[in-house]
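Modelling step: build the complete structure from the supplied sequences, incorporating the hints.
Number of protein chains: 2
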Amino acid sequence: MLTGDLFIAGERRASPTRFHAHDPALDAAITDTGFAEASADDLADACAAADAAAQPYAALPLDRRAAFLDAIADEIEALGDALVERACRETGLPAARITGERGRTANQLRLFAREVRDGQWQKLRIDHADPARTPPRPDLRLRMIPLGPVAVFGASNFPLAFSTAGGDTASALAAGCPVIVKGHRAHPGTSELIAGAITRAAEATGMPKGVFSLINGARAIGEGLVADPRIQAVGFTGSRAGGEALMRIAAARPRPIPVYAEMSAINPVVLMPHALAARATALAEGFVASLSMGAGQFCTNPGLILAIDGPDLDTFTTRARDVLATLAPQVMLTPGICAAFAEGKDRLAQSPHVTPVGEGVAPATPGQGSAALFTIAGRDLLADPAHLHEMFGAASIIVRCTDRAELTAILTALEGQLTATLHIDAADHDAARDLLPVLERLAGRILANGWPTGVEVTHAMVHGGPYPATSDPRSTSVGTLAIDRFLRPVSYQDIPTELLPAPLRAGGQAGMLARIDGVWTV
Amino acid sequence: MLTGDLFIAGERRASPTRFHAHDPALDAAITDTGFAEASADDLADACAAADAAAQPYAALPLDRRAAFLDAIADEIEALGDALVERACRETGLPAARITGERGRTANQLRLFAREVRDGQWQKLRIDHADPARTPPRPDLRLRMIPLGPVAVFGASNFPLAFSTAGGDTASALAAGCPVIVKGHRAHPGTSELIAGAITRAAEATGMPKGVFSLINGARAIGEGLVADPRIQAVGFTGSRAGGEALMRIAAARPRPIPVYAEMSAINPVVLMPHALAARATALAEGFVASLSMGAGQFCTNPGLILAIDGPDLDTFTTRARDVLATLAPQVMLTPGICAAFAEGKDRLAQSPHVTPVGEGVAPATPGQGSAALFTIAGRDLLADPAHLHEMFGAASIIVRCTDRAELTAILTALEGQLTATLHIDAADHDAARDLLPVLERLAGRILANGWPTGVEVTHAMVHGGPYPATSDPRSTSVGTLAIDRFLRPVSYQDIPTELLPAPLRAGGQAGMLARIDGVWTV
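Those protein sequences? They're chains A and B, same order as listed.
Its first residue numbered 1, the first sequence is counted upward by one per residue in the numbering used here.
Its first residue numbered 1, the second sequence is counted upward by one per residue in the numbering used here.
Don't take each hint at face value.
Heads up, the list lumps identical chains together, so a pair's fine if it works in one copy or across two of them.
Only pairs whose alpha carbons sit at most 20 Å apart, straight line, appear in this in silico EDC-like list of lysine to aspartate or glutamate [unchecked claim]:
| id | residue 1 | residue 2 |
| --- | --- | --- |
| 1 | LYS123 | GLU456 |
| 2 | LYS209 | ASP5 |
| 3 | LYS123 | ASP484 |
| 4 | LYS209 | ASP517 |
| 5 | LYS209 | ASP42 |
| 6 | LYS209 | GLU11 |
| 7 | LYS123 | ASP139 |
| 8 | LYS123 | ASP494 |
These aren't lab readings, by the way, just hints derived from the structure by calculation.
In structure tokens:
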């Protein structure tokens with residue numbers, strides 16, 4: 001029952017200008033509903049409402065804020081099959097994947113609800129006065145407060161977990177910030193269903209109306225959102241060009257704001273010699289499974305395999321090629337992504353230094369992409385790092401290194417990454433120990449004996465990393481540490497008890513992590 | 001025993017191009033020593049050494065890092081009277097002030113040494129594996145690691161506490177980042193003495209050579225430092241124009257980096273009606289003392305007084321005028337600051353809406369500034385906020401508001417501030433409660449019944465605030481939370497125990513704050 005409306009501060013709103021969703025499997029427009037394009041007035045109204053909601057929302061008891069997040073999870077689950085069907089239709093992703101992603105999205109909202117109640121993110125600190133000191137030492141108390149309204153730009157490849165009610169929205173709401181989502185044009189119906197769920201949850205739990213808005217629109221609307229003086233931070237998942245465009249707008253504002261943009265990564269995987277010798281075939285099978293999952297449309301897709309050249313790497317490469325050859329083509333998210341993927345593979349194949357290793361079954365329809373594998377000598381890659389641009393899709397390059405020094409040189413030369421993976425046996429540990437500082441400098445997450453696809457939503461996860469993996473390596477967009485992105489500290493000096501925020505009064509920290517006169521208490 | 005040399009990675013280095021320090025009290029060059037101007041090669045050498053030192057320094061046991069910070073404090077104290085004399089001569093500040101600032105600087109280094117040992121800044125988190133879950137849940141462990149080499153631009157007004165071994169340097173070194181200081185040209189001899197102390201401390205405690213460098217130079221050298229790809233973050237304290245120039249350079253890099261710039265603030269102080277009625281005279285005396293301390297050259301100087309107009313405000317204003325009239329002129333830090341202060345006062349006095357209230361004793365020499373007080377009606381300020389530019393020095397504006405609504409409107413319209421202060425009695429609490437959300441949105445520190453000058457170095461201090469008070473309101477440049485500016489998270493997934501960083505192994509968190517399977521332990 002889609003209407004195609006925008007959601008401005010709890011109200012549906014139509015627009016004379018409309019666009020249609022696209023079915024990538026059929027390569028055809030979905031014409032049952034047109035979706036409203038926001039005007040500049042719609043945008044201004046959403047920003048004004050978010051600004052007005054910021055203080056009342058921040059001031060709600062933490063239990064109320066947590067109940068809102070829990071209610072969003074409940075409402076999303078209550079959408080039932082209609083959500084799964086619409087998301088599959090708009091993305092070409094299979095139902096099992098969307099169903100799993102729905103579970104992850106709801107779990108993520110509930111994790112942040114628990115985190116809101118946990119309260120540690122407030123960083124409560126109390127340093128009591130010492131009137132006897134010369135000069136007298138004042139009473140100082142610190143807590144984190146929300147930054148204010150946050151703009152969220154969702155990703156096409158996670159229509160639920162990284163879109164309208166995805167990680168950025170959940171963590172910003174958990175931090176106490178109103179959210180305005182710029183809906184992704186690849187899945188507007190999915191966004192409408194989710195926005196309806198959020199809006200019902202906000203009503204049911206008595207949230208201020210401006211706590212959430214969804215606007216659709218062309219590029220100028222997104223840019224206007226980032227430029228609006230009422231917006232205090234930006235969360236973005238998408239292309240490097242898109243992220244960097246928003247970064248420029250944010251930096252050029254009279255009052256610049258932080259942009260958390262997750263942009264691009266090729267996620268190097270190192271096959272260390274003893275692991276490769278012990279299980280080249282199994283590694284190849286695991287690799288191709290990780291590479292091709294979801295048509296390779298993961299930001300943590302393993303796009304670069306590094307190993308020392310030799311018969312074991314040949315075994316790996318041959319097996320990977322053979323498994324790849326059996327892979328059916330998969331529908332990709334959008335015609336644009338599909339075309340860019342094909343172009344990326346073609347460009348790479350034209351390099352004189354690159355050898356195609358193999359391909360999946362060729363596409364049967366215009367919207368499909370087939371997996372591809374290439375190989376290059378380490379020295380050629382070092383000489384021309386232009387080979388390393390992300391190809392968003394199931395394509396990867398095997399780098400044949402002369403020795404460990406060359407392999408290390410390549411890892412050192414790489415741009416920032418979301419992940420870096422080692423496959424190791426015990427006999428590889430000494431060599432791996434030398435590589436770890438290189439990998440720490442390179443990436444936000446380091447894995448052993450696994451594959452980077454699959455991002456656990458928990459306390460110790462980092463989904464982030466040095467530029468250009470993200471615009472801000474000091475943060476993560478997955479896991480509970482993500483709340484910190486939308487907070488800032490305030491110190492209260494000699495404020496009378498009855499005026500202090502409740503968690504900073506004597507005993508107000510009960511059950512929450514706090515640091516009192518330098519000592520940590522739980 | 002100054003040589004005027006640069007310090008590049010533990011070695012003194014001369015330069016054919018030299019400049020002289022300036023004695024602001026005599027308004028004359030100090031010609032005993034010329035100070036080396038760094039070349040582009042010197043800069044490149046410092047950056048290369050810092051880059052090479054980053055990993056070895058980060059990998060040192062925390063006790064070693066802490067011992068380095070403690071040793072810097074000891075070496076600074078061991079400089080004795082020579083440091084105080086030189087700093088006084090270069091800044092015009094009195095010996096008592098410099099002596100106090102030296103103590104604060106040493107205490108700050110020792111506080112960060114304790115904080116390094118405390119280890120909480122590592123944000124240790126462990127989520128154990130659950131192989132029985134579908135899909136199996138991996139083992140994930142998180143810690144914070146240093147960003148890498150940090151560029152520090154010190155302030156003229158705190159030649160010790162916010163300069164070569166000041167807060168930014170101390171917190172970056174505590175985080176595990178090598179530091180390159182761009183020396184402030186207003187106190188090069190002071191910087192040389194401090195750099196010598198840091199270098200001796202680094203040698204005595206066996207630090208990697210590139211852990212610290214000091215370069216002097218013109219603007220292009222500072223800009224080159226921020227643009228260098230090996231620099232990963234910038235700390236700056238100074239003018240808004242200077243900070244914004246560095247922000248632009250950092251944002252335009254191929255790989256942008258964070259800039260922590262503390263730029264400008266006028267630090268509004270609200271005199272609430274009952275407090276003003278009870279003690280207008282005492283408030284006026286406290287105000288003028290805070291305003292004129294250190295020739296008003298504090299970033300937390302009270303540059304704006306807001307109150308509802310009436311006889312009590314007249315009493316306050318008259319008493320402030322009378323005390324001000326007795327104040328001797330004070331030597332200012334540099335001829336440039338002195339001239340800008342005089343121009344700022346002249347510009348304000350020329351506004352048709354501003355009335356001069358009074359002045360201190362007129363300057364007797366070219367390097368002196370005299371305090372000044374102005375007043376303006378609240379409605380005129382709202383109509384033309386251009387009156388609100390920071391005047392760095394002992395000048396302040398009393399804003400006569402018609403009512404509380406007008407006062408609140410002004411506070412709402414102000415740009416971001418380091419501090420906001422309320423003077424209140426119990427009968428003012430209800431009104432103050434309404435103002436607190438406005439002040440939280442406005443400033444990084446909120447005070448009651450005190451004056452904003454005086455920044456305690458402790459756990460619950462925030463010396464920061466919304467733009468343009470700082471470029472990044474998510475952080476503080478004073479207090480132990482300052483370490484967080486120079487760290488980023490890394491997650492370790494299924495890494496074998498013997499390859500894990502020690503604090504992430506089983507039991508490795510002993511005595512340190514950690515979050516294990518979601519539960520906080522101390």
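Is it within, between, both or neither when you check LYS123 against ASP484 at 20 Å Cα-Cα?
-> So LYS123 and ASP484 pass the 20 Å test inside a copy (10 Å) and across (12 Å) alike.
Have a look at LYS209 and ASP517 and pick one of within, between, both or neither, based on CA distance no larger than 20 Å.
-> Neither: 40 Å inside a chain and 36 Å across chains, both beyond 20 Å.
Within, between, both or neither: LYS123, GLU456 at alpha-carbon 20 Å | Between copies only: 18 Å across chains, 24 Å inside a chain, cut-off 20 Å.
Pop the pair LYS209 and GLU11 into one bin, within, between, both or neither, using alpha-carbon distances up to 20 Å.
-> within (8 Å within a copy, 62 Å between copies)
Classify it for me, LYS209 with ASP42: is the Cα-Cα distance of at most 20 Å met within a copy, between copies, both or neither?
-> Only inside one copy: LYS209 and ASP42 sit 15 Å apart there, 58 Å across copies, limit 20 Å.
Give the relationship of LYS123 and ASP139 under a CA distance limit of 20 Å: within one copy only, between copies only, both, or neither.
-> within (17 Å within a copy, 26 Å between copies)
How do LYS209 and ASP5 come out at 20 Å by Cα distance, when the copy is not named: within, between, both, or neither?
-> within (17 Å within a copy, 62 Å between copies)
For LYS123 vs ASP494, is the C-alpha pair at or below 20 Å within one copy, between two copies, both, or neither?
-> Close inside one copy (18 Å), not across copies (29 Å); limit 20 Å.
Hint 4 from the earlier list is the only one contradicted by this structure; the remaining hints agree with it.
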